[in-house]
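Whenever a hint applies, use it, and build me the whole structure from the sequences.
Line by line, the protein sequences are chains R and Y.
For the first sequence, our numbering gives the first residue as 1, with consecutive numbering after it.
For the second sequence, our numbering gives the first residue as 1, with consecutive numbering after it.
Keep in mind that the hints are not guaranteed to be accurate.
[Claimed, not checked] Simulated coverage check for chain Y against chain R, where a stretch passes if three residues somewhere in it have a Cβ under 8 Å from a Cβ of chain R:
#1 109–123
#2 136–147
#3 150–164
#4 359–369
#5 384–392
#6 399–409
Please keep in mind that the hints were generated in silico from the structure rather than gathered at the bench.
Even glycine gets a Cβ: it sits at the ideal position worked out from N, Cα and C.
Spelled out from the first residue to the last, the chains are:
2 protein chains.
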Amino acid sequence: MSIATTPPSGFRDFLPAQVAARHDAIETISRVYRSFGFQRVATSAVEDSSVLLGKGGGENDKLIFKILKRGEALDRAIAEKKDLSDLGLRFDLTLPLARYYSKYGSSLPHPFKAFNIGPVWRAERAQKGRYREFTQCDVDIIGSDSWGAEVEVITAICAVFSSLGVDHPTVLLNDRALIYAVLDRAGVPADKRIPACVILDKLDKVERAKVLEDLSAEVGVGPAQALEKIMMAETPDLNALASASCEAVTRLQSILGALKAGSKRPDRFVLAPSLMRGFDYYTGPVFEFRHPSLSGSLGGGGRYDNLTENFGTPHTPACGGSIGFERLMLILEEAGKADGLGAPDAVMTIFSDELRSRALEVAAALRGKGLSVDVFPGAAKLKQQFKYADQKKAGYALVIGPDEAARGVVQVKALASGEEQAMTVEEACARIAARA
Amino acid sequence: MSIATTPPSGFRDFLPAQVAARHDAIETISRVYRSFGFQRVATSAVEDSSVLLGKGGGENDKLIFKILKRGEALDRAIAEKKDLSDLGLRFDLTLPLARYYSKYGSSLPHPFKAFNIGPVWRAERAQKGRYREFTQCDVDIIGSDSWGAEVEVITAICAVFSSLGVDHPTVLLNDRALIYAVLDRAGVPADKRIPACVILDKLDKVERAKVLEDLSAEVGVGPAQALEKIMMAETPDLNALASASCEAVTRLQSILGALKAGSKRPDRFVLAPSLMRGFDYYTGPVFEFRHPSLSGSLGGGGRYDNLTENFGTPHTPACGGSIGFERLMLILEEAGKADGLGAPDAVMTIFSDELRSRALEVAAALRGKGLSVDVFPGAAKLKQQFKYADQKKAGYALVIGPDEAARGVVQVKALASGEEQAMTVEEACARIAARA
Numbered sequence: 001m002s003i004a005t006t007p008p009s010g011f012r013d014f015l016p017a018q019v020a021a022r023h024d025a026i027e028t029i030s031r032v033y034r035s036f037g038f039q040r041v042a043t044s045a046v047e048d049s050s051v052l053l054g055k056g057g058g059e060n061d062k063l064i065f066k067i068l069k070r071g072e073a074l075d076r077a078i079a080e081k082k083d084l085s086d087l088g089l090r091f092d093l094t095l096p097l098a099r100y101y102s103k104y105g106s107s108l109p110h111p112f113k114a115f116n117i118g119p120v121w122r123a124e125r126a127q128k129g130r131y132r133e134f135t136q137c138d139v140d141i142i143g144s145d146s147w148g149a150e151v152e153v154i155t156a157i158c159a160v161f162s163s164l165g166v167d168h169p170t171v172l173l174n175d176r177a178l179i180y181a182v183l184d185r186a187g188v189p190a191d192k193r194i195p196a197c198v199i200l201d202k203l204d205k206v207e208r209a210k211v212l213e214d215l216s217a218e219v220g221v222g223p224a225q226a227l228e229k230i231m232m233a234e235t236p237d238l239n240a241l242a243s244a245s246c247e248a249v250t251r252l253q254s255i256l257g258a259l260k261a262g263s264k265r266p267d268r269f270v271l272a273p274s275l276m277r278g279f280d281y282y283t284g285p286v287f288e289f290r291h292p293s294l295s296g297s298l299g300g301g302g303r304y305d306n307l308t309e310n311f312g313t314p315h316t317p318a319c320g321g322s323i324g325f326e327r328l329m330l331i332l333e334e335a336g337k338a339d340g341l342g343a344p345d346a347v348m349t350i351f352s353d354e355l356r357s358r359a360l361e362v363a364a365a366l367r368g369k370g371l372s373v374d375v376f377p378g379a380a381k382l383k384q385q386f387k388y389a390d391q392k393k394a395g396y397a398l399v400i401g402p403d404e405a406a407r408g409v410v411q412v413k414a415l416a417s418g419e420e421q422a423m424t425v426e427e428a429c430a431r432i433a434a435r436a
Numbered sequence: 001m002s003i004a005t006t007p008p009s010g011f012r013d014f015l016p017a018q019v020a021a022r023h024d025a026i027e028t029i030s031r032v033y034r035s036f037g038f039q040r041v042a043t044s045a046v047e048d049s050s051v052l053l054g055k056g057g058g059e060n061d062k063l064i065f066k067i068l069k070r071g072e073a074l075d076r077a078i079a080e081k082k083d084l085s086d087l088g089l090r091f092d093l094t095l096p097l098a099r100y101y102s103k104y105g106s107s108l109p110h111p112f113k114a115f116n117i118g119p120v121w122r123a124e125r126a127q128k129g130r131y132r133e134f135t136q137c138d139v140d141i142i143g144s145d146s147w148g149a150e151v152e153v154i155t156a157i158c159a160v161f162s163s164l165g166v167d168h169p170t171v172l173l174n175d176r177a178l179i180y181a182v183l184d185r186a187g188v189p190a191d192k193r194i195p196a197c198v199i200l201d202k203l204d205k206v207e208r209a210k211v212l213e214d215l216s217a218e219v220g221v222g223p224a225q226a227l228e229k230i231m232m233a234e235t236p237d238l239n240a241l242a243s244a245s246c247e248a249v250t251r252l253q254s255i256l257g258a259l260k261a262g263s264k265r266p267d268r269f270v271l272a273p274s275l276m277r278g279f280d281y282y283t284g285p286v287f288e289f290r291h292p293s294l295s296g297s298l299g300g301g302g303r304y305d306n307l308t309e310n311f312g313t314p315h316t317p318a319c320g321g322s323i324g325f326e327r328l329m330l331i332l333e334e335a336g337k338a339d340g341l342g343a344p345d346a347v348m349t350i351f352s353d354e355l356r357s358r359a360l361e362v363a364a365a366l367r368g369k370g371l372s373v374d375v376f377p378g379a380a381k382l383k384q385q386f387k388y389a390d391q392k393k394a395g396y397a398l399v400i401g402p403d404e405a406a407r408g409v410v411q412v413k414a415l416a417s418g419e420e421q422a423m424t425v426e427e428a429c430a431r432i433a434a435r436a
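Structure follows, in structure tokens:
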């Protein structure tokens, strides 16, 4: 009996072309973030259960892939009916960043501009487009309470999309403080805030009439109508919003102003008074990136000034965003921007074992000029080696037989046209580089 | 009570300079492997327990970080005293590659030249220099039984070391078939092969006299003396070796010949008749990279024609090698090749919120010219912003106050000398680029 070759449900393998496309995207993201002065951090994939569960425990419990205790500790845990697990896989990059900053913050630049790209794991039911192992790309500024931090994070993320050739997304902005002020002003009692936000958050997916009906049932008809007028208006009524929280509106206007001034697409930055982005995490401005070819968001973020509180570090202002990497890859694949990557410039065939050294010498010379040259390992039939060159999507196949070796030349075969010509190594280099 | 900020024992966080150094090394490795026509593959971090344990089970059991079953499956497992775990973290990259090739091989180029770089996890006791999460870099050719595959893998790994500025390692070569032939010829019975190899493998760590003593006790004095003469000779006796296995010696000589012919350091490739590289894995040539500043090896590999047998795929010839990435990073750090990485070219200060848009505009213009420009988020005191620029190890701090904004210039402060000068954005770009 043989063992199954499929990865576990919700986990994926990637074929070489996919790996190349994902790698290139990650390299572009890294390069852009670095060009803004963000520094990449890295933490372990595995965290202590206490870190993952936090003080509250419960909430994240079902998300976590838990690691079984080992050796005697496991035997003891089974016998005493205690926790069977002491470690778990991280389910996001924010909690590890909070731990990281609490530990190393005093030796890091202040403020600390960080980015982190890596896999996270969630023990959720796998479904189309939802994986149990996926890549997150976070970018954060820790230690600044200036609205300039939001501008910097959003600008950097927009620069990533631009560098990847993705259409400029629509950037929606709101402020958690503004939401609460508007709810207050509409007469929603404090204990109804979260239920009201949960209903309003469905505006994207549910008909407006249904949202209003649910809202009326939850907070009363009067407050629901007031909320409709302020939060669901076609064009946001700045005066109405400002009368709820002048401070929050001024801050949002500053952020929007700086983003519009620095962009070729100022129309793409909009105030969205009903944008929620989760319910207990953010403490100030929130933002979300939308792209016409996706139904949901392409990323988002916000201010979370409570980042490090679980780790006993004093109040730390922080603001961060993240790109939905798996969704980004969907867009790049659909746009055909993930094709033809990773092919070698040429395949060097091996005519015979006796002539291998000359072939290796020429391959090394071409690599020295910056070309990628794939040497076929065995002296198989040339037909088979040409087939391999096709499979690798190489531009050229190179042959050095006894005649070529004696004359100091190389036979260069263009695989698209089938055209062949003997030439010196220098000429071959120029020919291949011209296409590469 | 606050939660601990230290990663679990044996796991590591990396500070930004370390991340940059590790990232640069991985990028160099990838670039070199790609230039040889190797294609990067990627598999999931998590595998089914059946894949990790293989047919035999047992052996790897203690190495694996096992993932607890979830929900009802866990309750059932506890009640019925069955396996508590269904998944585990991969402990190497070879087993996943075998699964990958068994599943996708028919749609991949033939032969398939693959590389894989990523973390693996081992539930071993953590100790100095031994981690429970570490990076492996594997490079493999699957589907070729030519000795050209060995030449290609070893040449590519040597090219990696050269591109990283590491001294050319000594490359030791041997062949599993030769070892067994020599043992046979010395009169070691088949059932004593593995114990004899285990003893001979200690030649690096244990005195030669002790090795001989143990060997005599295990296989008898006569065979031990015969082995000493052939396997432990100062200079390998090719005739003696060839009389044991002419085929294996011819193959090793072909590999050595091609490596020497293609290298500027032919002296660094040596036949090492006592090199073992593990006991049940490899089936043909084996090799190991040694570096003067390390006591152990810097990497190694060999031929393992049984790669895919657990997955029901017919006999697949394969040959691969790997670099000891954590040891490589030690060498790079000691050589100071991991310093000063990831610093931005300049920090743009924010004189005031009113002048922020102009500062952002100039920063964007400089980034457009390929420079990395780190914008300070808030309009803090300039002294604090200069301190930040020092912390980031930036070359320059840029200031745009009301006077500079009015004149369309930028104040450029060289942080090493403290020298300051107002200049146009174009001049600033040239100045910063000259140092960058």
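Okay, the hints, checked on the actual structure:
Look at the region 109–123 of chain Y against chain R: 8 of its residues bring a Cβ nearer than 8 Å to a Cβ of that chain, three or more, so the hint holds. With 4 residues having a beta carbon nearer than 8 Å to a beta carbon of chain R, the region 136–147 of chain Y meets the requirement of three or more and the stated coverage holds. Chain R is given as covering the region 150–164 of chain Y, and this holds because 4 residues of the stretch bring a CB closer than 8 Å to a CB of that chain, at least three being needed. Here the region 359–369 of chain Y counts 4 residues with a CB under 8 Å from a CB of chain R, which clears the bar of 3, and the coverage holds.
Against chain R, the region 384–392 of chain Y contributes 3 residues with a C-beta closer than 8 Å to a partner C-beta. That satisfies the three-residue criterion, and the hint holds. With 0 residues having a beta carbon nearer than 8 Å to a beta carbon of chain R, the region 399–409 of chain Y misses the requirement of three or more and the stated coverage is violated.
The structure does not agree with numbered hint 6 stated previously, though it agrees with all others.
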